[in-house]
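Chains A and B, in that order, are what the protein sequence lines are.
Under UniProt numbering, the first residue of the first sequence carries the number 1, and numbering increases by one thereafter.
Under UniProt numbering, the first residue of the second sequence carries the number 1, and numbering increases by one thereafter.
Keep in mind the hints are simulated off the structure, nothing from the lab.
Ideal placement from N, C-alpha and C gives every residue a C-beta, glycine not left out.
Be careful, since some hints might not be right.
As the list claims (entries may be wrong) - Calculated from the model, a selection of chain A residues having no Cβ within reach of chain B, i.e. all distances over 10 angstroms:
#1 Lys3
#2 Glu122
#3 Ala127
#4 Gly130
As the list claims (entries may be wrong) - Covered stretches of chain B (in silico footprint by chain A; criterion: 3 or more residues with CB under 8 angstroms from a CB of chain A, positions within the stretch not fixed):
#5 192-204
#6 435-449
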Amino acid sequence: MEKKWFTISVYSENNVGLLNRISGIFLKRHINIEGLNVSKSEIEHVSKFTIVVFTTEDWTRKIVAQIEKQIEVIKAFYHTDEEIIYQESALFKIASHLLFDERQIQNIIKESNSQIVTVSREFFVLAKTGRRHEIDEMHDQLEPYGILQFVRSGRIAVTKASMPITAMLNAYENQE
Amino acid sequence: METITSKKTAKNNPEKLRISGAEAIIHCLLAEGVDLIYGYPGGAIMPVYDELYKFQDRLTHILTRHEQGATHAAQGYARVSGRVGVAIATSGPGATNLVTGLADAQIDSTPIVCITGQVPRHLLGSDAFQETDIIGISTPVTKWNYQVTKAEEIPDIIAKAFYIARSGRPGPVLIDITKNAQFDELDFHYEACKGVRSYQPVAKVSEEDLDAAAALINQAKKPYIVYGQGVILGKAEEELKQLVEKAGIPAAWTILGLSAMNTDHPLNVGMVGMHGNYGPNVLTNECDVLIAIGMRFDDRVTGSLDTYAKQAKIIHMEIDPAEVNKNVKADIALLGDAKETLSRLLPRIKKNSHEAWRNEFKLKYEEEFREVIEKDLHPTKEGLTMGEVVEEINLATKNKAVIVTDVGQHQMVACRYAKFDQTKSNITSGGLGTMGFALPAAIGAKMGAMEREVVAIIGDGGYQMTIQELATIYQNKLAIKIVVLNNDHLGMVRQWQELFFESRYASTVMTNPDFVKIAEGYHLRANRVSERKDLKKAVREMIASKEPYFLEVKVEKEDNVFPMIPSGASVSDIRLK
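All chains should be modelled from the sequences, with the hints used to inform the complete structure.
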């Protein structure tokens, strides 16, 4: 079966041990986590994990079943890139004198639609939000001039289809 | 957090009690109906032991001789009684010694709750004496775990622990409780947990899926049932029997399904898997509809998946969604509790008898009988076989005993030949294959069914892994019958070495102690048999004993267990010799 990029979205209770439990599921099967983001979700007290993997759909389905089996997981889904809207963020720390010494840098800032977050005498910081390849391109353009620090976040994503989490939680409350 | 995630029962205990966390733990256990726990004391759990001393008239604590023994005893108790087993231990090494039992309970779906002491909250993360991250360590081998650091968390967390351990697909839960939480006081109030909002233990099977499954079964020419422990855990034994009888479908057990159906039932055709019966394995690849009930298509059952039941439509009745389509693709998955699924399926099933198809199992059995079974049960060679010992135990107990087995050749032989006329009678380590399981598990099995005969059948290897539990048996005067089938080898590994490693017996030859003297050292009655003429009398005497009794049987040193599906081969390629 063909390997593809899949984005796994996990809605869960906010519990300290859960990340360990979830990462263990990947570890046991030697599947690399290519991206990981944990944040609050649209529902109060519910956390959302966004995990990116590059593997077969069969493995993705089995992993999602194992994740969903964990007690604190409310629901887990997986999606292909076509089914979601997704972004990553990156920060570039660059020496300030380059802004004046290397005119090309200003063009890169303009063309990449990145923002200058802060400027000091020694350095300035660029923030870029976009697809992985856009960030990679910007990185490749800046690299010849020297990047002091670079960091890229995990993918965050929302699905094109609706997520029935609130309905599921309401159904549970109504069982009482 | 718990208040928003756990459902509570109606308040039936409004008055508040100001007590220590340690005493609260005891009250929680009593409220859950626990009257028996296994464990081993130590520094970080001492406040709980102090309360156990005060409550000893209501809550019996059995001191095992190793924490691993406590977990297996809790497992044996749970498997025989259908209740949640409980084990407690201290922090550090006490906690890590629980890991094997937790892993065994996890893979064999056994409901146990383990409570461990932990260093006080202010010392967490400081590498304090006997501090270990048991939450981190136990995460992959528990259904759920939680570290309590505040006394007031105790009632809700223990309520949740029991609920999670026994609901849905059962499993082990570990609760780690810091020492300060045991000493500190709380306003105690207990409510049993009725639900956790992020956890759906049992799905509901749809009418359409039941109709589709019934249609497949009713049209089948060669339907075949393979049942597992899900039938026992779901208390669906009667429904299984009705389905088998109504539709005339031959049924075979997995190792953990054994005893869910009377072994003498004419439609109960044997065991599937690596050392299962000939017909049940070979005919898996000839049936047209395979009905899997409460089993998970373990690799020891299926052999090579590429050649497993490819010709058949698969109906998979299963409680755990993660097991469906994991190893074998189901044509129809009936996700839910086995009892409910079967009872709703039954009215849709047409009567049938499938005489010709059943006869195929009979013919295969006759072939296996000639090649294997007759030689195992009625040997003419000099050395004793494991099979004839098991057969003698069947006769002496009239198929009514609880049989507890360890792991290896003796286990396969017992699961092939032991006879059962009631459920929850076969206690063995199936998924994990834990040597050392049987002796402590027999303690729990006996205490979970005091009126029943409990016979532990163990190999000479596994016996020595938890042999210290003989002291627990003696101290508590548990009339367990212990049979060690001694071939002076790690027999199953030796068999593989003989068959697949050109008889290079690397570290499988055992120079054993005098097992009779050891048993006598633990004040147990003990006997040894090495000749066929003495076997019947020795087994009868053991079963007649009202006290614990140890019997060593010197069996043939280099016997092999057959039939056998070589690792990775097809069920069709099962070898009779």
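Hints versus structure:
Under the 10 angstroms C-beta cut-off, the non-interface status given to A:Lys3 relative to chain B holds; the minimum distance is some 19 angstroms. Interface exclusion of A:Glu122 from chain B stands, the closest Cβ pair being 36 angstroms apart, more than 10 angstroms. At roughly 34 angstroms, the least C-beta separation between A:Ala127 and chain B is larger than 10 angstroms, which holds for a residue marked as non-interface. The Cβ of A:Gly130 lies farther than 10 angstroms from every Cβ of chain B, with a closest approach of about 33 angstroms, so its non-interface assignment holds.
A stretch counts as covered by a chain when three or more of its residues have a beta carbon under 8 angstroms from one of that chain; for the stretch 192-204 of chain B and chain A the count is 5, and the coverage holds. Given a C-beta distance limit of less than 8 angstroms, the hint that chain A covers the stretch 435-449 of chain B is violated, as 0 residues qualify and 3 are needed.
Going through the hint list in order, the structure does not satisfy hint 6, though it satisfies all others.
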